[in-house]
Amino acid sequence: MLMQLARRLISALAATALIAAPAMAQDMTGAGATFPAPIYSSWGEDYAKASGGRLNYQALGSGAGVTQIINRTVDFGASDSPVSPERLEKEQLLQFPAVIGAVVLIVNVPGVDGSKIRLTGEVLGEIYVGRVRLWNDPKITALNPTLKLPQIPISPAYRADSSGTTSVFTKYLSGVSPIFKERTGAGNAVAWRTGLGAPGNAGVAAAVKNIKGGIGYVEFAYAAENGMSALMLANGSGKFVAPSVPGFLEAASQADWANAKNLAAPMLNMPGDNSWPIVTSTYILVPKNPKDPARTQRVLKFFDWSFRNGTPAADRLHYIMLPPEVQDRVRQEWTKLSPGGQPLWPAN
Amino acid sequence: MNTPIAERPLLGSRKIHAADTTFRISLHVAGALVVVVLLSILAIMFIGGKLAFDTFGLGFIWGTEWNPVTQVYGALPAITGTLVTAVLALCIAWPIGFGIAFFLTEICPEKLRTPLGVAIELLAAVPSIVYGMWGFFVLAPFMSEYVQPWLTNVFIWIPPIGDSFFWFTAPPIGVGMLTAALILAIMILPFIAATTRDVLLSTPQLLKDGAYAMGATRWEALTGVVIPAVRGSLFGAVFLGLGRALGETMAVVFVIGNAIRMPDSVMAPSATIASVVANSFPEAEPGTLDLAVLLGLGFILFVVSFGVLAVARVLLRQERMS
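Protein sequences appear in the order of chains V and A. Its first residue numbered 179, the first sequence is counted upward by one per residue in my numbering. Its first residue numbered 3, the second sequence is counted upward by one per residue in my numbering.
Only chain V is shown next, with the shape it has when bound in the complex:
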C-alpha cells in the first residue's frame, strides 16, 4: 500500500519535472504591484506566443515586490511608488518606469451626473479630512453654479488595504491641499480622518455605488473597464479636465524626465489644456549585480518587446504606454547595467 503510494508520487513528480524542464530555459519571474498586473500578464502571454519566453508574475503588492527583489528571489520587482535613490544604491537596484496609470474619482450624488461635477484639489483635500461635509457646501456649489447639488452628507471612501493607488492619491492631495498634508499626509496607508475603507478598487467602487453621497478614488483602468463616469478636476493650469487618455499622455510628456533621478519623474498636477492631475508611472526594479545576468537580460528583452508591441493590449486594458521619448530614456538607462563588465543592453 505505502510502496504503491510512494511509487505513484515519484512518477507524478517525474512527470511534472519533465513538463516544466523545457520551459524553465526561457522563464522569468517577477513579483510586486497589483495595479499593473493585468497588463504585465497580457504582455507576458503575447510575448510567449511571439518569442517563447514565459513570464510568471505574482501580484503580491508593491512592498512585497521590493522585498523580493532585494532578496533576489525573483528576476524583477515591481512597485507603484519609486524607491528612494539611497535604497536603490544600497540594494544595487536599477529602476525604470514600465507603464502609466491614472487615478480618477467616482461619485454617487442622487440626481446629478457625476461626470459634470467639478472639484479642485483643495476642496477634495478638505472633503477627505472632513472639513467639507455636505454636497451643497458653498465651496462645492461655487465650483458648480449650474448643478443642483442636494444637501446630503459626503461619504469619502478609501482603500482599506495598503495600496500604491492610495500613495499616488495622497501624494497628489498633499501637494495641492495644505490641510490634507498637515492632517493626513501621503503614503500607501494613511490615517484617514473621515469616511470608510473598502478592500481593493472593487470594494471602493461598490462602496460608492451603495452609499448616497459617496465619493471614492479608483484606478482609471478599473473605472473604464466598468464603465463608471468620473468627475472633473482642476489641473496645474487651473483648467477643469475630465480624465482621458490624451490628458494622461499630456501630463506624462510634461514631466521633467531629463532631470528625474532614477527615472522617477513626478507627473502630479501638471499644467496643460488637457493634462489630468493624478497621473503616475509604475516601476520595475532589476538587480545591478544579478546572479544570472542572462535572466536579467531576458527581463530587459521582454520590456523592450512590450514597449514596441504592447500598445494594443494597453489600449484594451486602459493602461497608457510610456511616450516614445521616455521609452528611449529607459533603454538608455539599461546600458548602465553591466555586471562583470558585460553590458546587458543592447541585447543581441
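Simulated from the structure, these hints should not be mistaken for lab results. Careful, some of the hints might be misleading.
[Claimed, not checked] Now the stretches of chain A that chain V is said to cover, found in silico as 3 or more residues with beta-carbon under 8 Å:
1) 63 to 77
2) 131 to 144
3) 252 to 263
4) 282 to 291
We put the beta carbon where it would ideally sit given N, CA and C, even for glycine.
Given chain V's structure and the hints, the job is docking chain A onto it.
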C-alpha cells in the same frame, strides 16, 4: 489509564504490548505538539511585536492615534472595535441561539429535529468570505436605506443616547460596527445554538420529568429547573461564540468600514484587530515597525481570545463538577 494487571496475561503477546507502547508514545507526542505549537505562536508573535511594545510601551495598548505616515501606532481603536462588535454580536446571537436550542430540545416535533439541526450546522459551514460579500452587497445597503435612518430617528429623541451622546446617530452609510455585529451574530449563532443544545440535552431527564409532573409549564421548567441545572455550561457556550467573534477576519473586513480611529457611534465605521492585520499585512516589510505593530496586535488578540476561552473552560468545568 493503566490496564489492571490481572488482565495483562490474557492479552499477553509481546506484539500487542509493543503496539500499545507505540500508541501511547504517539499520543503523548500529539498532545505535546499542541502545546508546543501554541506556545511557539505566542512566543513568535511576542518577539515579532517586541519592537512595537518597546517603542510605545503601554501607549501601544492605550494610544488612540493610528498613523502609518508619522509611524505612531496606538491599538485602542482596533481593540475597541473588536470588543464592541464581538459583544454586540453576542447580545444579538445569544437570545436567538438559546431560543433555537430550547426549541430543538423541548418543543420541536421529533421529525423536524434532525433537519433543523442540520440547517444550523450548515450555517456554520458557510465560508466567512461569503458572509462578508453578502453583508457588503445586501445587508449594508439595506442598513443604510432602512435600519440606520430608523434607529437615528428613534434614538435622537432620547437625550443621553441620542444626539448629545450620538451613539446611535451617524450618517447612514451602511457599513460600520452595527452591520459587522449583525454579520458576526449570524456567524456565531450556529456555535451558540449547537453548544447550548448539547448542554440542555445533558440536563437529567428525571429533573425535567419531575418539574412537569409537578405541573410546571414549559417556561417554569426552563427557568426553574433546566437553567439552574446547567447555568455554568450555558455561559461556556456563549464564550465559545465570543471567542470566534473576536477573531473573525474576512467577513468583518467587508462590512466594518475599515476606519482605524476611535468610533463616535455604534453605526460608525471602525476596525477590528483581525481586520487591521488582514488589510495591512501584505505590504508590511520585514524588519519594519509596521510589521512589528501588526504582530504586536496579533499578540494582543491572542491574549484576549485566550482569556475568553479560559473563562469558558472554567465555567464549563465548574458545571461538570457540581
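Residues of the region 252 to 263 of chain A with Cβ under 8 Å from chain V, three needed, outcome: This one holds; 7 residues, not fewer than the three required, reach chain V with a Cβ under 8 Å.
Outcome, coverage of the region 282 to 291 of chain A by chain V - at least 3 residues whose beta-carbon is closer than 8 Å to one in that chain: It holds: at least three residues are needed, and the region 282 to 291 of chain A offers 6 whose Cβ sits within less than 8 Å of chain V.
8 Å C-beta criterion, at least three residues: is the region 131 to 144 of chain A covered by chain V: Our answer is that it holds, as 4 residues pass the Cβ test (under 8 Å) against chain V, meeting three.
Coverage criterion applied to the region 63 to 77 of chain A (partner chain V; beta-carbon cut 8 Å; 3 residues): With 6 residues close enough to chain V, the hint holds.
This entry satisfies every hint, going by the numbered hints stated previously.
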